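Colleague: Here's the letter readout for the chains.
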Amino acid sequence: MSAKKTTKTAQELIDFESWTSEEIPNGAVCEDAGNSALYITGGWRSEMPLWTKDNCKDCMLCWVHCPDSSILVADGKMTGIDYDHCKGCGVCVIECKFEALEMVSESSDEARATAAAYEQEKGA
Amino acid sequence: MPDITVLAATGNLMVSEALRQAEPDVIAAYPITPQTAVVEEYSKYVADGRVHTEYVNVESEHSSLSACIGASAAGARVATATSSQGLALMWEELHIASGMRLPIVMANANRAISAPINIHGDHSDVMGARDSGWVIMFAETAQEAYDNTLISFRIAEHPDVQLPVMTTLDGFITTHAMERCEILDDEVVKAYVGERTPINPLINGDKPVSHGMFASLGNSYFKVKKAERAAIDASHPIIKQVGDEWANICKRPFDYVDAYECDDADFIIVVLGSAAGNVRAVARDLRAQGIKAGVLRIRVYRPFPAAEVLEALKGAKAVGIFDRSDAFGAQYGPVGLDVRTALYDLPARIPTRNYIYGLGGADITIQTIKDAFDELQQLAAGSIDEGLCYLGVR
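Protein chains in written order, with our numbering: chain A, 84 to 207; chain B, 45 to 438.
No lab work stands behind these hints, which were simulated from the structure alone. All of these numbers come straight from a predicted model, not from anything done at the bench. Some clues are possibly wrong.
[What the hints assert, rightly or not] Cross-link-like lysine to aspartate or glutamate pairs, in silico, DMTMM-like; alpha carbons within 25 Å at most:
1) B:251 to A:114
2) B:336 to B:307
3) B:234 to B:389
4) B:251 to A:137
5) B:284 to A:95
6) B:269 to A:137
7) B:267 to A:204
8) B:270 to A:98
9) B:336 to B:370
10) B:270 to A:105
11) B:269 to A:167
12) B:361 to B:288
13) B:267 to A:115
14) B:251 to A:178
15) B:251 to A:95
16) B:267 to A:182
17) B:269 to A:100
18) B:251 to A:106
19) B:267 to A:106
20) B:269 to A:158
21) B:295 to B:305
22) B:270 to A:106
23) B:269 to A:106
24) B:358 to B:310
[Claimed, not checked] Computed far set for chain A versus chain B, every beta-carbon distance over 10 Å:
25) 93
26) 102
27) 105
28) 109
29) 113
30) 135
31) 148
32) 196
Idealized CB from N, CA, C, for every residue including glycine.
Only chain B is shown next, with the shape it has when bound in the complex (with noise of 0.2 Å):
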């Protein structure tokens, strides 16, 4: 077991204490509420002259983006946080940096949408970019957060991956609530995130290339497209082995899923980040009472985990899934899109209740989570409906 310190620390410091550790080349990032702290702390690492890391002040997140590609295409190691509209306005370049395979490791600190213009913790921001070709993970606590951001390290820039990583963590309940924190020795941290090294540099003279191709003759931009979505999906098995060799350092378990008393659960709520801890309460409440709670947290969100969402789910017989934040216009919120895309490959049918939640950091309580658990109860025995509803407000 190495040496750890243990200290009182936010989700940002967490954070910005796993990048001092991975120490990138190259940090371009632009201030935003609640995400400021990590890049804040960051630069007095980097003035402090405690890093190597060239910091790069930029004018605006979609600029922070494209210097973090241009670094990531010439061969650096490179890293960067956003929360919000930043991350709107990054939203061309968050598919400039998967198209072009860039190994960029990113922490979001997951926050509303405008309008009406709102600075607290959803997952509107970070669902706008889930399918844009990056890895995203969700962290529970600041501790998780710290877990995540160094195995994006590995997942991004391993050889058979090479996609850019989102490592998320939700405003304010996480980025700035203080928890007990551990952090790991830095010879140690640095001996498992290793050194990049890059497949086609640009800054190589021995072997000059070209990146950002023009890709519009023929059918070339399909097969990039084909190679993307293969890569991926081959992420999957990576994910896996790199978090489980970090949980054998941290001694802290890594899965795609945490699954709390799924087993025998006969109504399980999925949920992403931080309200995680309050539906396990209220699930180990239910089970005292008799009652077969269990909650499934997801932990990699992409690539979607539906092998192990589906295993974790076929014995249930009904299922709250929680979104907080939703796809105007779909049926459902975008895990309630997954999660019925993955249960319909059960031979009988799962009913499920797509529930909106803490919109713009709305308090989850206790209460209303005992409410869904209750409506499920009802789902089961077919004396209310399927569908979507908004939890918690009037």
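Isolated chain A (complex conformation) (with noise of 0.2 Å):
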């Protein structure tokens, strides 16, 4: 079988608008299969779910109802929240039996003090 590997990298994919219908597979048929963690979509947001880990069983109903499988776990506890693709439906706080997740809205500090610590991290 015929495999053309793309040769296009992360940034490339991510910037789609760029492309010529040219360089559209056949189709449009996605040849990375599972790069769609690669499109942020964590700005679509306009309400932000906050985590207190003091509160956190690790019961993981969060985990499980997540659309978006933004809730991020090791070894079967949970580490934090995805919000590069979190987009901030609150289904994870509707679920949550003990007061450890919140929604805030994005234009409070609170949600712009975590947002910037998430970044911050992200970067080091």
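Assembly of the complex is requested from the two constituent chains, each provided in isolation within its own frame, with the hints serving as guidance.
Modeller: In structure tokens form, the structure reads like this:
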């Protein structure tokens, strides 16, 4: 089977607006299955979930219900929230039985501080 | 010259035989008059172990083409067949098959569309699918239905095309009437059609891909559609190339159009499908009386062979365009619109009349065709006007 592997970099994949019609694979087939992780959708949020680690029982109800796989888990324990892909739907907050998650406005001071810390940690 | 089997066969049987020889991996089909015999015969081949095809029984045509789309995306050679209301029920899948660039081959028994309900032959069904991104061919005879079906696999699966192809034959007149036909040996046909080499199959553990993408952001949908237009335009020379290849094997001619006595013709009738024989018979009689009549039968309808149509019509004094369906509310029937658009590229205008004929299987008689040729002479003389008219009906 002919398998033309795309040579596009992650940034070029994100910048699909710059592609020409000739560059798009036949039938808009995605030749790098799973590359939607490269597409940052966190900017769609108007509200942000905040996690209070001390209240969390690692019950995983939020992880089960999150439609964007944005509850980060390692070794059976919640480790944080993927703010690059969380769209702020609030399902995790509804599901949480332990007041470990709450929704706040993206324009609130807490949200800004959380976002700044998240970016800083990503950069580190 | 390869060995041939000569037999008396209907168009439906000839399509089944072509499919048997191309041996798709998957056929998902639903029976509908007058196509039923195609899939009935094929299911017998499967039951008798003559083919390895996975035959999927489905509950509707919406499901049949959906199953074909999945199988084709997976990498299989896929075919199906339908007619009329069945084709209409496939409407959303028609566009998905072409948009996803899946080389599905589908035979269509051309039939009227309800209402009122009518099971007989006209082109109302296929003309509703004419702009859905499929390559479309019209067979005149059962033999040509066989040839077109085999050629369809080569067009569809060509690496530079990758588009679905509809191979059509007129309901009852071609699907059910029996003719003397020729079938080439299986080995010869299999060598011609080859095997499908899928470009991005879903079933490929070494290179996982996603099909059926979302393309609503920005103008990515727009780009994919631009590429689709480029693909169907690019299929034009490839159709001739693979058609000629088959013609060399079977010793029957292949071309986009079948131009009969058009070179010096004053009056030409443009026609698709089974009615062409009668129109040629009338043209021959008129020639015997000294009237320069010609017939242009369009065999490959999409992509529309505008240059070839223009070449055949450019010397005519008047052209009659036969349409076995109407495009209600448009200025002309579908073939009328296409041919008149092509003629616009000529420096001098050729007057035309667009004749809607034979709807719902109504007979197209020798006398009505003569009447049309008579009118073309009056049209050329300026004694009647251009326009659309219904032929052979009060």
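Colleague: Please flag the earlier hints that this structure goes against, numbers listed from lowest up.
Modeller: Checked against the structure, the hints that fail are numbers 3, 4, 5, 6, 7, 9, 11, 12, 14, 16, 20, 26, 27, 28, 29, while the rest are satisfied.
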